[in-house]
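Which chain is which? The protein sequence lines are L and Z, in order. Going by the numbering used here, the first residue of the first sequence is number 1, and it counts up by one from there. Going by the numbering used here, the first residue of the second sequence is number 1, and it counts up by one from there.
If you're looking for bench data, these hints aren't it; they were derived computationally from the structure. Don't be surprised by glycine CBs; every beta carbon is placed ideally from N, CA and C. Take these hints with a grain of salt, some might be off.
Said to hold, decoys possible - If you want a taste of the chain Z side facing chain L, the calculated C-beta under 10 Å gives, among others: (1) Glu280; (2) Gln283; (3) Pro300; (4) Gln302.
To be verified - Chain Z is nowhere near these chain L residues, computed Cβ spacing over 12 Å in every case: (5) Arg49; (6) Tyr98; (7) Arg112; (8) Thr222; (9) Asp226; (10) Arg234; (11) Arg266.
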Amino acid sequence: MANLPIEPYLIELVRHADARGLPLILAGGLGIYLKRRAVARLVEERGRRTLLALPEARATSDIDAFMQIEAWLRLPADGIARFRALLEELGYRSRLDYLQFTRPVDGLDSSRDVKLDLHARVPQEGERAHLKYDKVRVGRRDAKGTPLHGRTTPEAFAIDVGLQSLPLVGVDPEGLPFEGRVAIPHPFSFLCMKLKAALDHERATAKKPRGEKHAFDVYLLTAMLDEAEYEETRAFMRDFARAAEITPITEALAELFETPTHPGCRTIVAQARSDRGAPLDLERFTGVLHELFEPALAPP
Amino acid sequence: MPRSHPTEAEILRALAEGVFALGPLVLSLERAASAPGGAGEVDGVVVAQWREGKIHRRFALSVRAQWSQRSLDVALAQLRAASPLLPLVVFPYLADDHLVELERRGISGLDLCGNGVLYDPPHLFVRCSGSPPEFRRSATTPLVYQSRNIASLVPRVFLLQPAFTAVGAIQAACHRRMAGPEEGSQPLVLSTVSKALAQLEEDMVLARKGRARHLIDAERLLANLTRSFTTPTTTGHFLGKTALEPAELWRRLDALRPQVAAVVTGRGSAGHYTGLVGPERLQLYVSDLDAAERALDARPTQAFPNLELFETCDHAPYFDLRAQGGVLWASPIQTYLELAHGSAREIDTSHELQARLVQQAAGGGPT
Chain L
1 MANLPIEPYL
11 IELVRHADAR
21 GLPLILAGGL
31 GIYLKRRAVA
41 RLVEERGRRT
51 LLALPEARAT
61 SDIDAFMQIE
71 AWLRLPADGI
81 ARFRALLEEL
91 GYRSRLDYLQ
101 FTRPVDGLDS
111 SRDVKLDLHA
121 RVPQEGERAH
131 LKYDKVRVGR
141 RDAKGTPLHG
151 RTTPEAFAID
161 VGLQSLPLVG
171 VDPEGLPFEG
181 RVAIPHPFSF
191 LCMKLKAALD
201 HERATAKKPR
211 GEKHAFDVYL
221 LTAMLDEAEY
231 EETRAFMRDF
241 ARAAEITPIT
251 EALAELFETP
261 THPGCRTIVA
271 QARSDRGAPL
281 DLERFTGVLH
291 ELFEPALAPP
Chain Z
1 MPRSHPTEAE
11 ILRALAEGVF
21 ALGPLVLSLE
31 RAASAPGGAG
41 EVDGVVVAQW
51 REGKIHRRFA
61 LSVRAQWSQR
71 SLDVALAQLR
81 AASPLLPLVV
91 FPYLADDHLV
101 ELERRGISGL
111 DLCGNGVLYD
121 PPHLFVRCSG
131 SPPEFRRSAT
141 TPLVYQSRNI
151 ASLVPRVFLL
161 QPAFTAVGAI
171 QAACHRRMAG
181 PEEGSQPLVL
191 STVSKALAQL
201 EEDMVLARKG
211 RARHLIDAER
221 LLANLTRSFT
231 TPTTTGHFLG
241 KTALEPAELW
251 RRLDALRPQV
261 AAVVTGRGSA
271 GHYTGLVGPE
281 RLQLYVSDLD
291 AAERALDARP
301 TQAFPNLELF
311 ETCDHAPYFD
321 LRAQGGVLWA
331 SPIQTYLELA
341 HGSAREIDTS
351 HELQARLVQQ
361 AAGGGPT
C-alpha cells in the first residue's frame, strides 16, 4: 500500500502534538488505512493470521482525530488552549465551530486543503464539572477566548479502552524525517463507530455516496482482527453489553448485517467491485460479527 | 433419468438402425452378425467415411455391455483372430480415462453417447469426448471402488496386503482394520467380499489361483479408487474451539470408544505422511457429533476455530487407522485419496504418497 499525500501532514500534527504532551487518537478512514498497511506487513513478515483475507483499504484525505479525554480535563493552558495554539502555528484555521479545521497546502488550490475533524466522546458523570456538551460539540466550560471543540460522538463511548499504537514513519511537509507511533482505537471501539456510521447512512433519506464506505470499513475492521483482538473485542463487548450507547450498534447489526443479503452487505459488495483485493466472505463476516456482539444481542 | 444399461444385442441393434457420426466421420454398420459374441466371428463391420465418401476405412466390430480391462482384452483377441480389419470395440459409454486407455493402446472405440476414438495411423485419428453418460452410473463405475460403499474396503486391503489364501482371510483382514461404528451400518459380509473380488478380477487388478488371490496391478487399482472417490457422507458439521491440549483431547476421544469413532481426516493427516502442512485446525471424522462436541468442551465459532468435526458413519474413513502418540491418523490410502481430490498443491503432494502406496503393495516396504 502506498503512502498517502496526507501522511506528511499527519506526521507534522502527531510530531507537534506528542511534543506538547497532547497525543491524538487517529480514527476514521486514515486510521483504518494505516492499520491495514501495518497488518498487511505483519501478515507478510511474521505470518500474522487475520480473520478474513484483507480487502484493500480506501485512500482518504481527511484526518479524523480524538484528543484523549485526559487532555480535555486539564486546565486549558495545559490542554485545549495549548492544542489550539499548535493548530494555529501549523496553519490550521477553524472552518466549523472550532471542531473542524483546514490547513492550506502550499501551492495547491483550496480543494486540496488538509481537513482535520476533532471528535470527543460524551463526557461521563465525573467529567461534566469541567466539560460542557450538547448533541453537536464537547468543550471546556472555562475555555473562553481560545475555544476548541470535539464533535460529540456517542458511539465513541469506548474510545479510551484498549488503545492500539501503529508505527508512523516518513517525512513531514518540510521534509524532516520522523519515526514514531500514533494511537488508534481498539477494533471494538472502531467497529462501534463504523457500525453506527453505516446505520446513519443506510437510514438517511438522501444518501451521500461517501457514506457507503462505512459498511465496507466494518468489513475491513472485522477482516483485520487477529485472534487476540477477537477475544479482546468479545471481552469489551461483555463489559459494555448493557451500555445505553450499544442500542444503535445492535440495531445496525440487525438491520444491515444480519445475513449476507442484508443492505449493509449489499453496500459492501458494491464498494468492493472496484477492489482487486481478496474476495469477500460475507457468510463468515456476518457470522463473526454476530459472535462478537452476542452479549449485547442476548436478552438481559 | 438415465436409461437402463443396454445389453450387447441392444447395442448391436442400435448400431444397425442408423447412420452415426464421430466428428467429421460418418459411420455405418455394413454387416452385422445375427447375434453378438459368436465364436470365431466379429459382431459386424463398420465403415467410416469422410470427404463425402471419397475416403473410407472398414473396422471389425465387437460390442461389449460393460467396460473393463478384461472385456477389452477379450474383444481385442477375438477381433484379431477373426478378421484382418482394424479393431473397433463399442461400449455403452466411454469416460475420458477409457478414451485415454484406448488411445494408449492404439485401439478404436465408440460409445452410444457420442464419445469415441477412431485410430488408423498415419491416416486417421479422431477423438470426441465430453458427452455425458446416458446410462446409469453403475454401468461405468463399479461399486467396489466407490468410497462410500463398504465393498471398497476390499480393494483397499489389497494395497496393504497384496496376497491372500482365501476369501475368508480377506474378510478377516478387512474386519481387523475396521474401526467404524457398527450400529445401524451394514457389516462387510462374505458375499460382498466375493462380489468385490469378482469385479477386481474382471478389471484385471487381481489374479486368482485356486482359492488364493493376489494383486497384479496396484497402479490400476489405485487409479480406479481415485476415480470413484467421493468425500464421506456427512450427517453433521461442527466448527469451533476447544481449550483442551492435544493429549487430553485424544484421551477423551479414546474414552468414547467403541461407541464413538474418531479419526483425523485424510487432509488433516497429510502432514503425518508427507511434508505438506495440514489445515490450521484439527479436523476429525466422528461417528457421533454431539458426543464428541460434549467430550471436547468445544464451543462453536467461525473466528479462529481450532477444531472441525465431520460426522460420518461411512466405513472408509475409519479403515486402517494408524495410532501414533495417542493420535489416530487416517489411513495413508484415505489420505492419498483426499489429497488427490484437493487443491493443486495437495494433488501435487498426493503423487508422492501414491508412489509409496504402489511400492508398498509391490512389497517395497511399509507406508
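Hints, verified against the model:
1. Residue-level restraint check for glutamate 280 of chain Z holds (minimum Cβ-Cβ distance to chain L is 8 Å; threshold 10 Å).
2. Against a cut-off of 10 Å between C-beta atoms, the interface hint on glutamine 283 of chain Z is violated, since the closest Cβ of chain L lies about 17 Å away.
3. Checking proline 300 of chain Z against chain L by beta carbon gives a least distance of about 9 Å; that is within 10 Å, so the hint holds.
4. Hint status for glutamine 302 of chain Z: holds, given a least beta-carbon distance of 4 Å to chain L, under 10 Å.
5. For arginine 49 of chain L, the condition that its CB be more than 12 Å from all CB atoms of chain Z is violated, with the nearest at approximately 7 Å.
6. Non-interface call for tyrosine 98 of chain L relative to chain Z: holds, since the shortest CB-CB distance, roughly 42 Å, exceeds 12 Å.
7. Interface exclusion of arginine 112 of chain L from chain Z stands, the closest Cβ pair being 41 Å apart, more than 12 Å.
8. The Cβ of threonine 222 of chain L sits about 9 Å from the closest Cβ of chain Z, inside the 12 Å cut-off, so the non-interface label is violated.
9. At roughly 8 Å, the least C-beta separation between aspartate 226 of chain L and chain Z is not larger than 12 Å, which violates its mark as non-interface.
10. Chain Z draws arginine 234 of chain L into its interface by the beta-carbon criterion, the shortest separation being 9 Å against a cut-off of 12 Å.
11. No Cβ of chain Z comes within 12 Å of the Cβ of arginine 266 of chain L; the nearest lies about 21 Å off, and the non-interface call holds.
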